[in-house]
Amino acid sequence: MSHGARTRTGNGPFRPDQLRSGDPYELSEGHAIYCAPTGGDGAGPNGRGFLVLDSDPKVKSAGVDAGFQLSPLTMRAPDVAVGDFAERPGWVQGVPPLAVEYASVGQDEHELKEKIDDLQRAGTQYLWVVRLTGPRRVEVYERGAPMRLVHPGQMLTAEGVLQNPVPVEALYDREAAHEVALRNLLQRKGFESLEAVREEGREEGREEGREVGREVGRAEGREEARRTLLLTLLAARGPVRDGHRARVMACGDIPTLDGWFARAAAGEDADAILGNG
Numbered sequence: 007m008s009h010g011a012r013t014r015t016g017n018g019p020f021r022p023d024q025l026r027s028g029d030p031y032e033l034s035e036g037h038a039i040y041c042a043p044t045g046g047d048g049a050g051p052n053g054r055g056f057l058v059l060d061s062d063p064k065v066k067s068a069g070v071d072a073g074f075q076l077s078p079l080t081m082r083a084p085d086v087a088v089g090d091f092a093e094r095p096g097w098v099q100g101v102p103p104l105a106v107e108y109a110s111v112g113q114d115e116h117e118l119k120e121k122i123d124d125l126q127r128a129g130t131q132y133l134w135v136v137r138l139t140g141p142r143r144v145e146v147y148e149r150g151a152p153m154r155l156v157h158p159g160q161m162l163t164a165e166g167v168l169q170n171p172v173p174v175e176a177l178y179d180r181e182a183a184h185e186v187a188l189r190n191l192l193q194r195k196g197f198e199s200l201e202a203v204r205e206e207g208r209e210e211g212r213e214e215g216r217e218v219g220r221e222v223g224r225a226e227g228r229e230e231a232r233r234t235l236l237l238t239l240l241a242a243r244g245p246v247r248d249g250h251r252a253r254v255m256a257c258g259d260i261p262t263l264d265g266w267f268a269r270a271a272a273g274e275d276a277d278a279i280l281g282n283g
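Numbering (this note's numbering), first residue to last: 7 to 283.
A portion of the hints provided could be inaccurate.
Said to hold, decoys possible - Below, a list of computed lysine-lysine pairs in the DSBU-like style, where the Cα atoms sit at most 35 angstroms apart:
(1) Lys119 x Lys195
(2) Lys195 x Lys66
(3) Lys66 x Lys119
(4) Lys195 x Lys64
Claimed, not checked - What follows is a list of derived Cβ distance ranges for each label pair:
(5) Lys64 x Leu155: 23 to 29 angstroms
(6) Ser110 x Gly159: 35 to 41 angstroms
(7) Pro141 x Asp275: 16 to 22 angstroms
Don't read these hints as lab results, they were simulated from the structure. No residue lacks a Cβ here, since even glycine has one placed at the ideal position from N, Cα and C.
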């Protein structure tokens, strides 16, 4: 396939069913568009954007480079897409209501504009372009509205798609992304914030303290809070087997629980931390 012409007339000869998963191409009205591998400055931010959006309590599914067949001649793969789609072979049929693109050194602005146009024409409601060169900023494209810029220190919202606002920094900064994802994961488990987990632990500690002594109760409350938080974070990394859960629940050593949590926050999954369950 060719890389596609910058100025295209008529429909091209290619169809989505001619592409295989992993092929470095997208299609716009039958024209093939080459998609270069992501550079080192974009690989991390892409993953952080996915983590932040996928963990939002309202989101049913999200994907990285998922191919959406927007029409019989067009297939587009946003860097991060949010929607409600099944994880099965083949291109996703339909349109992501929220898509995120990361633009860095060498970005072909003409191709980016065509991708935005294709997605918006097909029905994407929100499209965020995260600029990784120059001053950090996000270009927000909403259907029926002019493009606007959102800067660090400000929030991004996607009404009807996301429950929580997203700080601009969380789409590229590792610490900010982890903080937002942790809040989201806690909310998925019924806690409003990390402080709410701590408070529940303190309350459980107080209840236990009334029965077996104040100091013992507070210690058990702290342990329970740490276990809850650790299991919540591990669930975001992958499956938590019964064996994993049993080992966490049986651990009464706070330094050990804190060490496991630090490894989970650094990206390790339950198998790496706790064994094969």
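Given the hinted pair Lys195 and Lys64, is their Cα-Cα distance within 35 angstroms? It holds: about 12 angstroms lies between the C-alpha atoms, which stays within 35 angstroms.
Verify the CB-CB distance for Pro141 and Asp275 against the hinted window 16 to 22 angstroms. 36 angstroms, violated
Is the Cα-Cα distance between Lys119 and Lys195 35 angstroms or less? 39 angstroms, violated
Range hint compliance [Cβ, Ser110 to Gly159, 35 to 41 angstroms]: Hint violated: Cβ distance 21 angstroms, outside 35 to 41 angstroms.
Lys66 and Lys119 were given as a pair; does the straight-line alpha-carbon distance stay at or below 35 angstroms? 28 angstroms, holds
Can the restraint linking Lys195 and Lys66 be considered satisfied, given a maximum Cα separation of 35 angstroms? Given that 35 angstroms is the threshold and the Cα spacing comes to 15 angstroms, the pair holds.
Tell me if the beta carbons of Lys64 and Leu155 are separated by a distance inside 23 to 29 angstroms. 25 angstroms, holds
The structure does not agree with the numbered hints 1, 6, 7 stated previously, though it agrees with the rest.
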